[in-house]
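Below are the chains, spelled out letter by letter.
There are 4 protein chains.
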Amino acid sequence: MSDPAPCPRLSYVLTLSCPNRPGIVAAISQALFELDGDIAGAQQFDERESRIFFMRVVFSVPAGGVARAALEQALAALAARFDMQWSLRESLRPTRTVIMVSRFDHCLVDLLYRWRIGELAIAPVAIIANHPRETYAHIDLDGIPFHYLPVTSATKAAQEARMTEIVRGTGAELVVLARYMQILSDSMSAWLAGRCINIHHSFLPGFKGARPYHQAFARGVKLIGATAHFVTPDLDEGPIIEQDVERITHADTPDDLIRKGRDIERRVLARAVRYFTECRVIPNGRKTIVFNP
Amino acid sequence: MSDPAPCPRLSYVLTLSCPNRPGIVAAISQALFELDGDIAGAQQFDERESRIFFMRVVFSVPAGGVARAALEQALAALAARFDMQWSLRESLRPTRTVIMVSRFDHCLVDLLYRWRIGELAIAPVAIIANHPRETYAHIDLDGIPFHYLPVTSATKAAQEARMTEIVRGTGAELVVLARYMQILSDSMSAWLAGRCINIHHSFLPGFKGARPYHQAFARGVKLIGATAHFVTPDLDEGPIIEQDVERITHADTPDDLIRKGRDIERRVLARAVRYFTECRVIPNGRKTIVFNP
Amino acid sequence: MSDPAPCPRLSYVLTLSCPNRPGIVAAISQALFELDGDIAGAQQFDERESRIFFMRVVFSVPAGGVARAALEQALAALAARFDMQWSLRESLRPTRTVIMVSRFDHCLVDLLYRWRIGELAIAPVAIIANHPRETYAHIDLDGIPFHYLPVTSATKAAQEARMTEIVRGTGAELVVLARYMQILSDSMSAWLAGRCINIHHSFLPGFKGARPYHQAFARGVKLIGATAHFVTPDLDEGPIIEQDVERITHADTPDDLIRKGRDIERRVLARAVRYFTECRVIPNGRKTIVFNP
Amino acid sequence: MSDPAPCPRLSYVLTLSCPNRPGIVAAISQALFELDGDIAGAQQFDERESRIFFMRVVFSVPAGGVARAALEQALAALAARFDMQWSLRESLRPTRTVIMVSRFDHCLVDLLYRWRIGELAIAPVAIIANHPRETYAHIDLDGIPFHYLPVTSATKAAQEARMTEIVRGTGAELVVLARYMQILSDSMSAWLAGRCINIHHSFLPGFKGARPYHQAFARGVKLIGATAHFVTPDLDEGPIIEQDVERITHADTPDDLIRKGRDIERRVLARAVRYFTECRVIPNGRKTIVFNP
Numbered sequence: 285m286s287d288p289a290p291c292p293r294l295s296y297v298l299t300l301s302c303p304n305r306p307g308i309v310a311a312i313s314q315a316l317f318e319l320d321g322d323i324a325g326a327q328q329f330d331e332r333e334s335r336i337f338f339m340r341v342v343f344s345v346p347a348g349g350v351a352r353a354a355l356e357q358a359l360a361a362l363a364a365r366f367d368m369q370w371s372l373r374e375s376l377r378p379t380r381t382v383i384m385v386s387r388f389d390h391c392l393v394d395l396l397y398r399w400r401i402g403e404l405a406i407a408p409v410a411i412i413a414n415h416p417r418e419t420y421a422h423i424d425l426d427g428i429p430f431h432y433l434p435v436t437s438a439t440k441a442a443q444e445a446r447m448t449e450i451v452r453g454t455g456a457e458l459v460v461l462a463r464y465m466q467i468l469s470d471s472m473s474a475w476l477a478g479r480c481i482n483i484h485h486s487f488l489p490g491f492k493g494a495r496p497y498h499q500a501f502a503r504g505v506k507l508i509g510a511t512a513h514f515v516t517p518d519l520d521e522g523p524i525i526e527q528d529v530e531r532i533t534h535a536d537t538p539d540d541l542i543r544k545g546r547d548i549e550r551r552v553l554a555r556a557v558r559y560f561t562e563c564r565v566i567p568n569g570r571k572t573i574v575f576n577p
Numbered sequence: 285m286s287d288p289a290p291c292p293r294l295s296y297v298l299t300l301s302c303p304n305r306p307g308i309v310a311a312i313s314q315a316l317f318e319l320d321g322d323i324a325g326a327q328q329f330d331e332r333e334s335r336i337f338f339m340r341v342v343f344s345v346p347a348g349g350v351a352r353a354a355l356e357q358a359l360a361a362l363a364a365r366f367d368m369q370w371s372l373r374e375s376l377r378p379t380r381t382v383i384m385v386s387r388f389d390h391c392l393v394d395l396l397y398r399w400r401i402g403e404l405a406i407a408p409v410a411i412i413a414n415h416p417r418e419t420y421a422h423i424d425l426d427g428i429p430f431h432y433l434p435v436t437s438a439t440k441a442a443q444e445a446r447m448t449e450i451v452r453g454t455g456a457e458l459v460v461l462a463r464y465m466q467i468l469s470d471s472m473s474a475w476l477a478g479r480c481i482n483i484h485h486s487f488l489p490g491f492k493g494a495r496p497y498h499q500a501f502a503r504g505v506k507l508i509g510a511t512a513h514f515v516t517p518d519l520d521e522g523p524i525i526e527q528d529v530e531r532i533t534h535a536d537t538p539d540d541l542i543r544k545g546r547d548i549e550r551r552v553l554a555r556a557v558r559y560f561t562e563c564r565v566i567p568n569g570r571k572t573i574v575f576n577p
Numbered sequence: 285m286s287d288p289a290p291c292p293r294l295s296y297v298l299t300l301s302c303p304n305r306p307g308i309v310a311a312i313s314q315a316l317f318e319l320d321g322d323i324a325g326a327q328q329f330d331e332r333e334s335r336i337f338f339m340r341v342v343f344s345v346p347a348g349g350v351a352r353a354a355l356e357q358a359l360a361a362l363a364a365r366f367d368m369q370w371s372l373r374e375s376l377r378p379t380r381t382v383i384m385v386s387r388f389d390h391c392l393v394d395l396l397y398r399w400r401i402g403e404l405a406i407a408p409v410a411i412i413a414n415h416p417r418e419t420y421a422h423i424d425l426d427g428i429p430f431h432y433l434p435v436t437s438a439t440k441a442a443q444e445a446r447m448t449e450i451v452r453g454t455g456a457e458l459v460v461l462a463r464y465m466q467i468l469s470d471s472m473s474a475w476l477a478g479r480c481i482n483i484h485h486s487f488l489p490g491f492k493g494a495r496p497y498h499q500a501f502a503r504g505v506k507l508i509g510a511t512a513h514f515v516t517p518d519l520d521e522g523p524i525i526e527q528d529v530e531r532i533t534h535a536d537t538p539d540d541l542i543r544k545g546r547d548i549e550r551r552v553l554a555r556a557v558r559y560f561t562e563c564r565v566i567p568n569g570r571k572t573i574v575f576n577p
Numbered sequence: 285m286s287d288p289a290p291c292p293r294l295s296y297v298l299t300l301s302c303p304n305r306p307g308i309v310a311a312i313s314q315a316l317f318e319l320d321g322d323i324a325g326a327q328q329f330d331e332r333e334s335r336i337f338f339m340r341v342v343f344s345v346p347a348g349g350v351a352r353a354a355l356e357q358a359l360a361a362l363a364a365r366f367d368m369q370w371s372l373r374e375s376l377r378p379t380r381t382v383i384m385v386s387r388f389d390h391c392l393v394d395l396l397y398r399w400r401i402g403e404l405a406i407a408p409v410a411i412i413a414n415h416p417r418e419t420y421a422h423i424d425l426d427g428i429p430f431h432y433l434p435v436t437s438a439t440k441a442a443q444e445a446r447m448t449e450i451v452r453g454t455g456a457e458l459v460v461l462a463r464y465m466q467i468l469s470d471s472m473s474a475w476l477a478g479r480c481i482n483i484h485h486s487f488l489p490g491f492k493g494a495r496p497y498h499q500a501f502a503r504g505v506k507l508i509g510a511t512a513h514f515v516t517p518d519l520d521e522g523p524i525i526e527q528d529v530e531r532i533t534h535a536d537t538p539d540d541l542i543r544k545g546r547d548i549e550r551r552v553l554a555r556a557v558r559y560f561t562e563c564r565v566i567p568n569g570r571k572t573i574v575f576n577p
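Chains as they are written, first to last, in the numbering used here: chain A, 285 to 577; chain B, 285 to 577; chain C, 285 to 577; chain D, 285 to 577.
Just so you know, these hints were derived from the structure itself, not from any lab. Please read all numbers here as calculations on a predicted model, not as lab measurements. A few of these clues could be false.
Heads up, the list lumps identical chains together, so a pair's fine if it works in one copy or across two of them.
Unchecked claim - Below 20 Å or equal to it, Euclidean Cα-Cα: the simulated SDA-like pairs (lysine to any residue) are:
| no. | residue 1 | residue 2 |
| --- | --- | --- |
| 1 | K544 | N568 |
| 2 | K544 | D528 |
| 3 | K544 | R531 |
| 4 | K544 | P577 |
| 5 | K492 | L507 |
Assemble the whole structure, with the sequences as input and the hints as a guide.
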């Protein structure tokens, strides 16, 4: 009750990967301790095949204490010693996000609602659509810049150049394809590697390609699902971040599947975006590490 | 409290399918009513594409009342009128079942346990294994005939001939491939069409073929599943009866997937067998109607 | 391909309950057949304890054929014969619905979105809130009348009188308490019996009363849930229509539970409203029959 | 391919809790590093309310290297410094387990099967039943000592004294009440605190007490569940380790609930026992920390 007021602290998330060998955890925790860092949580994973070690550390330092530059210097020294790839992020800074959408707006509406009530730590810096603003007349965009970029095979290169400008110009850290039904070019996919999340409306690897709910109906499966994954040039083969399913029956029509699918897509995409903003996802070749809460 | 003792009744399940047209339900319910039948439950489904109508009716008649022959005669008349395929089964008679198994016995053990405590209305009339009796030394087979039928590519035809004899000789109504890791010949599959259930250890149509848990591990999916389906000559493409999934993470090894998979396989196969014994499953081309409780 | 154009038909849902006895299904299906009715689907349930029989029948009649009055006359005759309670509804007519809301608007936003895209067959005729319109500034109400009815213990009777007027004046068939955090009076609850659905943010009967997520946190459960139920004077004891759960861990704070809870509440309430609009829910004392698709 | 053979290592699990303060992780990882320990995985949790820090570390040391005594000495020094409670366990040593059972044997059968195929790292040292050996005639106990200890209110104290002897005499580390339908005395519960797991056949805290499936049926819930928890003198209030649910409908009878419940009970209890044997469960007052894989 008569505790001194806690001194304000800055919170960071550190993620890293490196070849596994003894002493990594000791070195990192010692380095953070010496910088007055307090570890609030840590998760680690030792990939047995490749012998790669992955770690996520949440820690804080006194607000008036060590500067970010000093933190980075200490981490760079460790990185050199352990051949480490690393990333440091202030926990409370929202992720600058571009959302791309086509005609179906359920994922867009859902992401914006979660952002508005403070559930999702994104800062939407642009919405890019291949349909005009009127298509989304009922949505209060709240000042988020809206870009109508229609696309045909003839204009695709120019449209992607414009997308690239927007991503660059806004300093976006994340691009979300929220049921954006256009395929990105290989070069665009490669440029966005590890920072572009797509929601695929099937339970991959079943039902790749177009109209997956119709495929599921034709095959007579008893559960349908959705998959959030990083975009790669190899369509429908990107590293999977999150999946979920729902039960269907013989009585469900393709339209019922589409309706049930919307619910799955929304929650799977929202979870994947949340994991990304909290630095819980680390790409690992064709797969991902997801340090769940 | 002073109710007269209820007169004993015989309970039946009628399943049928026919081209849809008005008057089918009226005709069936009227026919049963005239035979003193009391409908305890009914489920129906109108397949919109093919305009085929499917129905399952549970009803009872007074024990000393109309004979089965009279029931069948009435149903045959309806069948002629409506171009109907139908099947009539006494509800309480257990389904004569042959269980086939390879080295992994978790599904066999599970089915036998459910049978022993009266949960599953099967009568196991034979167990066929391609491993000798010692492999299953810890299992109390309780007098169920055990047939050791090893199989090589050279002996496959002879082995299947022996299997056929056993199925015929026991009057089996159902053959369950309880992780029986051998592929049946096309002719055997065709002969057993609609009465042979396989458990496939993947969430079909993902990961067809061999070692599906290793495939799932390599692809980095976040949920794994199992599929119970009717056996057809087209491997892994038979009509699906039941599926289920469980969540996995990046930290699960192929061995963990195999372990979690056993739990899914057991409950998916047990449900499919239960639905079959209760006449809830009606094949419908590449798909099934499953009238869930 | 050269089929004659199908004659347009009017589609109805009939729900009924009566003491069980042989001949009900035959009588109903015969009556519908004689009126040119075509049964598209039917579900029935025989409650063993009370010997009450419940049925839901979806059927259509030619558009220029039998009038609704004639249908009702035929059903009234059957009702008299079998001591039947029944209800007949045109399938395609949306359910006139009043939505009530307090500060948390996630269920309101979700219901309105599902209505807008045609997923939920409701016609929202009024929104009643105990917070002013500005609280929901970001929501496009699309012309739905909004009523700000603040409530204190002193004004509760007057407020409920106003609510009653609105329900009457709009001809509402359904009142949805979409996280409306006020308790209705006994008389109001009784007046709305069977047509007022509440979403309770716990997995009833665990954690009745206030702040259920905090209760769940304190108890250390591993799954949390939500419950949609009919409102009755006996708070938190109304007949349950739908429930669902999500997994939590020791690391989830009460705020995390509230966040995960919002997702469960939205989908559970939306399902319950959908079941209601499709006449799938029949109250049965303290319980409900839900004829799932 | 020409790697030197890896030197064999001994694997340990360390679990600990202490008041949270900076430097704990650094100190532990440094101490293990100095003892040639290689950390294969670690999980930690900072309980915000009590400011207690919990940690689980999996590490290995060279087989011919530091002795267990030296490890314990190093840990004792850390424990003194950080006011730490800790426990050290060889990972591969199976947990000596007493299983107690009443008439329903589905959990017993399931645990023994998982043990037999090497899925569950227990060593069953005794089975205690209040029914005679014949009740379990179909189960191959494989030499596990079986103790028939019938119990009445008059003999309860003597029976528990005999139980205590068995637990002591076998050096049991875990007692599993595998649907053992007798209530332990307060003193027995207290003596077994933190090492006795019960499976309760309801989704606690709903439906405490007897016949929970009948309670669930009467209340008309749409999901039923089961709960594995540590036994405490306060019946049905022990710290929850694991829970799960399954969907039911109005058509499910109490017998159906019991049947579906068996499946949930088996998998929930098996998971809880697995978590215990892998030192993933740390009691935390009325709750548990479960470091899931």
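Hints versus structure:
In this assembly of identical chains, the alpha carbons of K544 and N568 never lie at most 20 Å apart, being 31 Å within a copy and 23 Å across copies at closest. In the homo-oligomer, the alpha carbons of K544 and D528 lie at most 20 Å apart both inside one protomer (12 Å) and across protomers (15 Å), since each shortest distance falls under that limit. When the C-alpha separation of K544 and R531 is checked against a cutoff of 20 Å, the pair qualifies both within a copy, at 9 Å, and between copies, at 17 Å. Proximity of K544 to P577 under the C-alpha cut-off of 20 Å is restricted to the inter-copy arrangement: shortest distance 12 Å between copies versus 26 Å within a copy.
For a Cα distance limit of 20 Å, the shortest separation of K492 from L507 qualifies both inside one copy, at 16 Å, and across copies, at 17 Å.
Comparing the model with each earlier hint shows a violation of hint 1 alone; every other hint is respected.
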